[in-house]
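Dock chains B, C and D with the ligands against chain A, hints included.
Protein chains in written order, with the numbering used here: chain A, 8 to 334; chain B, 8 to 334; chain C, 2 to 322; chain D, 2 to 322.
These are computed hints drawn from the structure, not numbers from a lab.
Glycine included, each C-beta is placed from N, C-alpha and C at the ideal position.
A couple of the hints might just be wrong.
[Unchecked claim] Per label pair, the in silico range of CB-to-CB distance:
| no. | chain 1 | residue 1 | chain 2 | residue 2 | range |
| --- | --- | --- | --- | --- | --- |
| 1 | A | Glu250 | C | His192 | 56 to 64 Å |
| 2 | B | His309 | A | Met182 | 32 to 40 Å |
| 3 | A | Gly81 | C | Gln207 | 30 to 38 Å |
| 4 | A | Glu207 | D | Gln307 | 49 to 57 Å |
| 5 | C | Glu278 | D | Ala229 | 55 to 63 Å |
| 6 | D | Arg257 | A | Glu250 | 57 to 65 Å |
| 7 | A | Met182 | C | Gln207 | 50 to 58 Å |
| 8 | D | Arg187 | C | Gln207 | 28 to 36 Å |
| 9 | C | Arg255 | D | Ser249 | 56 to 64 Å |
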Amino acid sequence: MPEITMRDAIYQAMDEEMARDERVFLMGEEVAEYHGAYKVSQDLWDKYGSRRVIDTPITEEGFAGVGVGAAIAGLRPIVEFMTFNFAIQALDQIINNAAKMLHMSGGQLNVPMVFRGPNGPAEYLSSQHSQALHAQYAHIPGLKVVMPATPYDAKGLLKTAIRDENPVIFMEAEMSYGLKGDVPREEYLIPFGQADIKREGSDVTIVTMGKLLFLAQQAAEALAKEGVSAEIVDLRSLRPLDEETIYNSVAKTNRCVIVDEAWPVASVGSHIGWLISRNAFDDLDAPVELVCSDDVPMPYNHRLELAVQPSVEKIARAAKKVLYLEA
Amino acid sequence: MPEITMRDAIYQAMDEEMARDERVFLMGEEVAEYHGAYKVSQDLWDKYGSRRVIDTPITEEGFAGVGVGAAIAGLRPIVEFMTFNFAIQALDQIINNAAKMLHMSGGQLNVPMVFRGPNGPAEYLSSQHSQALHAQYAHIPGLKVVMPATPYDAKGLLKTAIRDENPVIFMEAEMSYGLKGDVPREEYLIPFGQADIKREGSDVTIVTMGKLLFLAQQAAEALAKEGVSAEIVDLRSLRPLDEETIYNSVAKTNRCVIVDEAWPVASVGSHIGWLISRNAFDDLDAPVELVCSDDVPMPYNHRLELAVQPSVEKIARAAKKVLYLEA
Amino acid sequence: LGQYEPEFLHGLLKQMLLIRRFEEKAGQLYGLRKIGGFCHLYIGQEAVAVGAIATLDLAKDYVLTAYRDHGHALAVGMDPNSLMAELLGKATGCSRGKGGSMHMFDAEKHFLGGNGIVGAHIPVATGVGLSLRYREIDGVVLCFFGDGAIHQGSFHESLNMARIWDLPVIYICENNQYGMGTFYQRVSAVHDFSRMAGSYDIPGKQVNGMDVLSVYEEVGQAVERARAEHCPALLEIRTYRYRGHSMSDPAKYRTREELDSYKAQDPITILQAALAEADLLSEEQLKAMDAEVKAAVAESVEFAEQSDEPALESRFEDVLA
Amino acid sequence: LGQYEPEFLHGLLKQMLLIRRFEEKAGQLYGLRKIGGFCHLYIGQEAVAVGAIATLDLAKDYVLTAYRDHGHALAVGMDPNSLMAELLGKATGCSRGKGGSMHMFDAEKHFLGGNGIVGAHIPVATGVGLSLRYREIDGVVLCFFGDGAIHQGSFHESLNMARIWDLPVIYICENNQYGMGTFYQRVSAVHDFSRMAGSYDIPGKQVNGMDVLSVYEEVGQAVERARAEHCPALLEIRTYRYRGHSMSDPAKYRTREELDSYKAQDPITILQAALAEADLLSEEQLKAMDAEVKAAVAESVEFAEQSDEPALESRFEDVLA
Ligand SMILES: Cc1ncc(C[n+]2csc(CCOP(=O)(O)OP(=O)(O)O)c2C)c(N)n1
Ligand SMILES: Cc1ncc(C[n+]2csc(CCOP(=O)(O)OP(=O)(O)O)c2C)c(N)n1
Ligand SMILES: [Mg+2]
Ligand SMILES: [Mg+2]
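Chain A with its partners taken away, still in its complex shape (with noise of 0.2 Å):
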């Protein structure tokens, strides 16, 4: 099995998708003369051409309204923002007519799309560059919110979420685009609302989304080596959310870790910590812990932003914690 970038899976994704079907198209702030900010279409342009390519103005807001537009006129765009930091200005766009357009026409009008880009902090970027905003999506009916962590889930999900009939928002990360991973030559497809158990393990779950399950992974390594055995639980999508694997790898092991690169008021990490506490009750041998960011923007000095988002030590910490190993 080759292995390709995160870049490049979701490159292949997009190819794929455009070879396959006439109708997808990708726009967005450079994507197409200049192969893309983080080079993810790279010679998407040289093949497609401009019809099917298209560099966009700097109006988010517009553009992603451009992508509702033409995916309820029988399109199928792939709007990509430059970060979601940028798409807070397209929100009323996603929200108020993406979200809705299928329910306020009473089903008439669906919106086969993707929302994509990378979320969450880089490095040396400050506040207004470095959020990570998919509790703002997965709060929203009538969207689905994707998050793949590796190469090979994100060119499986990017791929679903194509073709799939309504909008979606797919969360990439620059921190990851030059990561590498197994992805197969032939085709294939990762269904939504199903998690992946990246690790198994008896005594601690620990649920993580995106990129962090490169921590979580790391953690697990170090508490493997104090006898602690842990198991991780990749979501990969926010909405649908996989609720039961979540649950049966907590009957399994009475206590859970969630890790979520968000601030914690009213997040993703927050309400599945409530919904194990609700519906695994009886399960846990101990409350359920959350390690995210600091509630505060992002610092611009690079060991105060370190120092401000999830780690390998928090999550480690916090597992021995669930586990009355330490305090």
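Okay, now just chains B, C and D with the ligands, sitting in the frame of chain A:
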């Protein structure tokens, strides 16, 4: 103590603070000559003139940003959104500028301003106009978020909001503007971060925010008839959140129902559900229940929209569930 | 007048009459509390939707508008029954009782709403235009919005994109003089909105929206150009709404005289008079037309009232496709 | 040239030189990985910030710009030490190491940032203008933004408000030809941005941004009018950035020839040459100036490197006032 409406309470708070502090002004759509879309600003324009009560074009992003600019240059704006549904268009200004200016400037520029208006469903307005969007703000560090239920709380909290040195999101409700309650003639302020026990009880804690207090009160009445004593904790401010009052109540009742009119996923309600489950783990005799809106866009049809929202029955049923009086 | 077929002119008149009577009835039902929430009536503006949409071929063309959408919905030929049922929140409504007054839709008739957020459908309409270009269909899009909406950022973003991508979208600002209670000149730097076309290097024009034939001609020209040359245009169509912004608005911000001056140029009366004068419409024909329209409206009420409420469980439908 | 005091002209030259050298050094430190993230250099555009800000009285006037902000920060007179320390993320940085390259601020010097979201500071600058009017101060606001930002909705919303409320804001589009990798004409319906002033009924003008005195004069006129008549204006100042968009951009989207053609009109070289020709700047004076500037930059690096990292606990500060 005079009984006045919520509308008048909010009006009085603005009027008193405008009289007290030259720097306070009000801007928004129809706030001046039309006296407010919901007649909250009333005669403020007649009293203070066009300099201090400013009708804006329909440009939520623009005038929210104008407010931020005025706030960092010496004024104390109150920005009215006709409803918070439209404030989604202004979210970038609120999240990326208002909430982060102090931080990005290393403490140099604080943003003393209030964004206020109705939040949550009214009636017969369908999905774009009937959203309870407080989770979007409660998620964000750098903001304060307030949601009063009674005229008394609204007046005292709004005066505090106007004097606060930070951006405050002040969330009202269309359905409550006509609601009456006692408000003293003398000046008073209500600090943020202090929940209010609106009813004492011993068997179950009902945590509410905003107008759902009244449903909770009716549910408590109904429960009382069945011999169940419910305590009602009205949060009043969502950020900062008065966790202590919640935990103290739960320590007494050992059971908790949270009422939130937002959608469930990544909501303030489910967040508090996790907080209690974690921090009052040993106090809980049953999982925390959440009564919220169905996870769907709001339909226009009235029976349907009522069915979607929290109700007295749903709250009472949840209370009985945590008491194991009902499945 | 002479250049048009009488049937065509009768059609315009009848559509305007239908809208007028439908809206009057909706207003009554609102008063009877059979309709709730916001209900934005189109009375006074009929010539705009009717004249503009008459230029289209709805097999390939599209229409989008804001929340004041009953007129446009009728002008594209939607069944009054399904509209009235929607206003009453019934399962037989065009949007299954989910959308209500602000969200009329008919995918088959290429009427893509009905949008409640001021200015938010302007990019969407632009995207529909993109789809036409992409699919190499020589259709056009009419995007209607108000004088209040033109200041929204979405307007600026959209018109620039429409020009750089050569999209066949006609942006029609229905200047009915007021955005809610605000006279447009109070919130606009320019008083002639067609000037804004200059920022996008596209044609801009003011049109008299009280005269259905002026609307038909001017929109028709823009449509033909858009169809042939794939170029957008901006039209400011000047009109007036007789009623308040929505049912709860007493409209105290304007004078009786101002209202009367527009009623004196009522689009229906004007066309009726012109037709009569030119001997193109007899008293009997007019009466028959009026009776037919009234019957259609009465039937729509009957239909709506007798229709079922949507099942409670249907609230979980239409969330995801 | 003769109409200006030599000291004034020397001041302009020195400020441009300071920016040039500061930016070159920042680029070097980036290469050495002492600075990370985005770092948008102002090299080539110096005449714009320097010429424009020289017209101000910063006791009452204000400046706001986007993320390419080092030049403006130096032009308002901020201490290079505090800027360089900010770039290195140090506690002594103007924003305490919280903001970095994109978020230079100096409240006392009325420099209100430094904003990373394209177009988002345009309404903020408009609000600063509102505050001036409200407080009856005859100050003005310079709001700088790029050719990429002008298509944002916030531009449209802001200029309309500035006009209807008579706000003293000069909107300066620094057209450096590219928004990231996009040549401005590819994404703009108009190629002369000053035309957009027509939509807001305000004066609009194109200015040569490679000539600091042209900038000074044109901005000066707009500033005087804004101060006296409280009216906004739109200026398109045409300029060029020599480096890539940020440090990671190889700038392959443009030709060597194009770059050279702008370097041939380099604002610093031009002013230097003109001064020399007019006998207003001796070789020694120039050398002294250059030495002074280089020393200041070297000192800023020294200062920044020797400054402390912010304490880890400081991440909980500056969140709420
Ligand atoms: C973004 C947004 N802001 C505010 C509103 C509330 N609102 C509804 S209609 C309206 C006035 C719109 O006026 P105009 O565009 O002239 O349309 P008209 O009602 O005259 O048809 C306003 C402010 C809204 N629906 N959306
Ligand atoms: C809303 C938003 N969208 C996208 C970006 C990413 N971005 C940063 S700079 C830039 C180009 C801006 O070009 P221009 O306005 O011409 O300014 P210049 O860099 O030339 O100074 C883009 C797209 C952003 N910061 N904000
Ligand atoms: Mg209007
Ligand atoms: Mg540029």
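Contradicted hints - numbers only: 2
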